[in-house]
Amino acid sequence: MSPQPFDSFKGFGVTFKQIFKKPITQQYPEYKRPVYPRFRGRHRLHVHENGLEKCVGCSLCAAACPADCIRVVAEENTPDNRVSAGERYARIYEINMSRCIFCGYCELACPFDAITLGNEYEISEYSRDDLIYTKDMLLAEPIKQVPVADRDLYDTPIPFYEDHS
Amino acid sequence: MAAADYLGWGSRGVAGYIGNAAGRDLNRPGSQGLERTPEPKPKRFAMSYHLLAIPGARRVRVQAWLDEDEPVPSVVPVWPTADWHEREAWDLMGIRFEGHPNLSRILMDDDWEGHPLRKDYPIGGEPVRFSGEE
Amino acid sequence: MALAPERPRIYEGSRIPSPVPTMLQVPPDLRGSEDLLQVNFGPNHPSTHGVLRLIVDLHGEDVVGLNAVIGYLHTGFEKNMEAKTWWKAITYPERIDYLSFQNNELVFVLAIEKLLGLEVPEKATWMRMCLAELNRIHSHLVWLGTAALELGSISMFWYCFRERDSILDLYEMVCGARMHTRYFQAGGLAEDIPRGFFPDAREFVDWMPKAVDDYEGLVDKNEIWLERTKGIGLLSADDAIALGQSGPVLRGSGVDWDLRKSEPYLAYDQVDFSVPVYENGDVWDRYKVHMDEMRESTRIIAQCLDRLEGMEGQPWIADDRKVVLPPREELQTSMESLIHHFKIVTEGYRVPEGEIYVAVESARGELGCYVVSDGGPRPWRVKFRAPSFVALEATATCMTDALVADLIAIVGSLDTVMGEVDR
Amino acid sequence: MPALPAPGAGQVNEVWWISVIKALVIINLLMLTFAYMTWVERKVLARMQLRYGPNRAGPFGLLQPIADLVKLIRKESFFPASAVDILYIGAPVLSAFTALAVFSVIPFGPGWEVNGWTINGEVVNVPISLVLIFALSSLGIYGFIVGGWASDSKYALLGSMRTCAQMVSYEVSLTFAVLGVVIMGQSLSLVDIVHKQAETFWFFGPQFVGLLIFFIAGVAETNRPPFDLPEAETELVAGYHTEYSGMRFGLFQMGEYVNMITLSALAVTLFFGGWYGPYAPLGPLWFLLKLAVILFVFMWLRATLPRLRYDQLMRLGWKMLLPLATINAVVTAALVVAL
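Protein chains in written order, with numbering that gives the first Met the number 0: chain A, 0 to 164; chain B, 0 to 133; chain C, 0 to 422; chain D, 0 to 338.
Treat the hints with care, since some could be wrong.
[Unchecked claim] The calculated DSSO-like cross-link candidates involving lysine-lysine, where the alpha carbons are at most 27 Å apart (straight line), are:
#1 C:K321 - C:K83
#2 D:K318 - C:K229
#3 C:K209 - A:K21
#4 B:K118 - C:K229
#5 A:K134 - C:K342
#6 C:K78 - A:K16
#7 B:K118 - C:K78
#8 C:K260 - C:K113
#9 D:K42 - A:K31
#10 A:K9 - C:K260
#11 A:K20 - D:K42
#12 A:K16 - C:K220
#13 C:K229 - A:K20
#14 C:K113 - C:K83
[Stated by the list, open to error] Simulated restraints, written as ranges between beta carbons of each label pair:
#15 D:F77 - B:D66: 52 to 58 Å
#16 B:A52 - C:S13: 17 to 23 Å
#17 A:T77 - C:A266: 54 to 60 Å
Think of the hints as simulated: they come from the structure by calculation, not from any bench.
Only a predicted model underlies this, so the values are computations on that prediction, with no experimental measurement involved.
Glycine is no exception: its CB is placed at the ideal position from the N, C-alpha and C atoms.
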């Protein structure tokens, strides 16, 4: 622009050479970048292989939650209505996802690995009420699956992660 | 007792800055762990001034003890940086500074009532929404 | 515009406005004049970094009066933390300054550890340093991108965000979240470092200096950039100290002051790096400080990686059952561990009575954390000395003889994050 | 090569309805170019910034301009309560209209004979077309100034103040930069200037200084970065069109882009031999090609340079460009007389 320094034109080179590089944008809805295995996304509740729920309704997750977004109401298992492996089970298990900060304290707190944070991040809804996840929603397989990067390489091999998520 | 006079720094012109001017509510039994403060705690608030002399890296903490509505002299004339810190302490803790040129609320609205960081100010907030199922 | 004009020498004496040091008042001969135009820059404005509101008196294009109004993002973090246990409160500081999140988390965790008198394993210390420096680069990149954008250099933003994204990828890999990580826990780290971190981080360390070359190529020699930054927003060393500045703003004003050197925390006394200091206290010098710091941080990260690679298998968190959650595999086998686990989660650990002030050098300067504990499971009082809060106090002083366009450049160069200002 | 018509000849021997049809075609082509200019600009900027640019509406995002148009039309045309009605509504119309009108005198081809009808290579050929261009484009600036003032907003007012100062300063340099070409071409008619270049040489060589000044002043005149002070987004929100929305904003935008196209076309005509190229029948294509290169430089500037400050802009205009342009004109005149 100014007659003096040719250095001023160096910037033009920087911008021009980018034209021949591949854009770094990822075409999101079509291409989903694999998340790393530790990524904390949508919650999951887990069941044992025999179909019993792992959650025993101890409310540790609710106690650990900094955002107070978990509500657990426990009830005793009865012989004809056996839901969980422990004495009690969670009759109501709700997470208000619009409040959740995805810190993962709930999965740290859970002594039975009943709740983990999965990999799904597409959890937007049109209404706040739809973001209150009930136990059924948390137990179900998520509809949208997100690919996960190399688990051996990017995760610490502790049994907790190998079994689930 | 302004912290500056106490140290005699103001008159000697030593450059320093206030890291922190934080009020503290002492309604409850006080603290005396790692760094002892006078015992017994006579008053409700403790004003802490964290001073740092940049050449020499010396840090000093000065505490002034205040009752409710007891003013403390402003240190703005000595350390201009105290301006907003003192306004914040006034806004959130309700500690009055005498001689501050512009002691008004800084973080809360101008017409806010109460001083939110005091322990007798309820934390409030709206209840977390759940499905309401019993 | 052939040659950039000689930079005005840094001024003599003090320029801090009086009596209110943070407010530029309209000079008496202009007061009440019809030529004055009072404009609100913000709280919603493309270049106020969030919700800063500047009430500016304009005389033509000259800024003659300025009053900064803050508090639009006040969320009461400090009050909230008083109501949470120490463990839960760790998730709060990182949300205060959302660009320098890891440093914020670090200072709070350091304060807890100091009150507890907890020994931290070496591996955790070095990893903390590595992540804190990555975070510094991250914050500087966002600063550079937005500051350049404000001066009209739009491409810079994308180049900066390219590298920022690879830093966030590293965070996601190690901490599980791209920004608010809660990875630092009292006693060490929440999890071990994944093996894949090292090659990826090495790649980043190799690439980063080239990226900085790119940024400098774009603007460093550019005549317009020089014109827009040199001699603008002057702040002398004395004034900077009197106004309590720290970090890049202070170092841009010629004061060699970096907590990493003067009061080393973590293992900063064991790594080799230099602190860039520039003399003239203008926007250009602050820009140069940021650029040089990115290179220096890259060097620190490389040294951290060298050390960390030799520490495989070492513990990453202190073995203190009163504070640290027991290892997960013990929960199934040891009743004692399970009890500790329950106790820490439900009730939280207790921190001895005392008060403490810990300061670290965050990307923006001295980030102090003043914590008072009454011996209970919750902090009694937490107070952050936010560097942005202090930096914003200097706006009025820097704004002498400024035009509207300079106003944007100066506020940008002070590198404030409104979340941290308002807390 | 077809025989060249003598300078000044073949101007009026065109039937009026051919002119009208041509005008219609040109206006529509211009609108289309404007629409796709925005697409191309976004694409080019994106590639310079490691992005893809618009690629959702249609293949390669080719329908993006149409989507934008639909969006703009459907949007509420916001009207500030305290705005001055007529001026507020009229301003964007004025700037868009003058921008389109200017293009009528730009020659894009040598002219053709079809079935005995003569078709000129431009919509109207006036002997003083350069003067007409400058007159019309100065008129168009009123659109920006008045629009900013009439919307009764502080940011808009600041924006139009800047427009005012910037346009006045740079129009002078722009005109003076062209003087050299006029002296060498010895005509104010663009057609004649192109013919002259065809006979001798393209003027960008001898008039290189003139070209530089013309280009810089032109960038400033069209409010393009790095001289986009009147609408400096990060300072004045959107400058003079802060309060405009919907199609009124679209008209302003159109005015700006069409001005840019016109200016590039003018540069092609004055300095790069207009429609002339190695294979003459391709006239308009050569013209378009040269135009595209110049427009690309406009975008490149935008991707690279930071914005100037107000006083620096003034300094550049009055203390650098204007003296240089004057010297250039004087030296050219002296040389032309001497040789």
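Structure-based check of all given hints:
no.	hint	result
1	C:K321 - C:K83	holds, 18 Å
2	D:K318 - C:K229	holds, 20 Å
3	C:K209 - A:K21	holds, 17 Å
4	B:K118 - C:K229	violated, 48 Å
5	A:K134 - C:K342	holds, 26 Å
6	C:K78 - A:K16	violated, 51 Å
7	B:K118 - C:K78	holds, 9 Å
8	C:K260 - C:K113	holds, 20 Å
9	D:K42 - A:K31	holds, 23 Å
10	A:K9 - C:K260	violated, 36 Å
11	A:K20 - D:K42	holds, 14 Å
12	A:K16 - C:K220	holds, 18 Å
13	C:K229 - A:K20	violated, 33 Å
14	C:K113 - C:K83	holds, 19 Å
15	D:F77 - B:D66: 52 to 58 Å	holds, 56 Å
16	B:A52 - C:S13: 17 to 23 Å	holds, 18 Å
17	A:T77 - C:A266: 54 to 60 Å	holds, 57 Å
In summary, the structure is inconsistent with hints 4, 6, 10 and 13 from the numbered list given earlier, while agreeing with the others.
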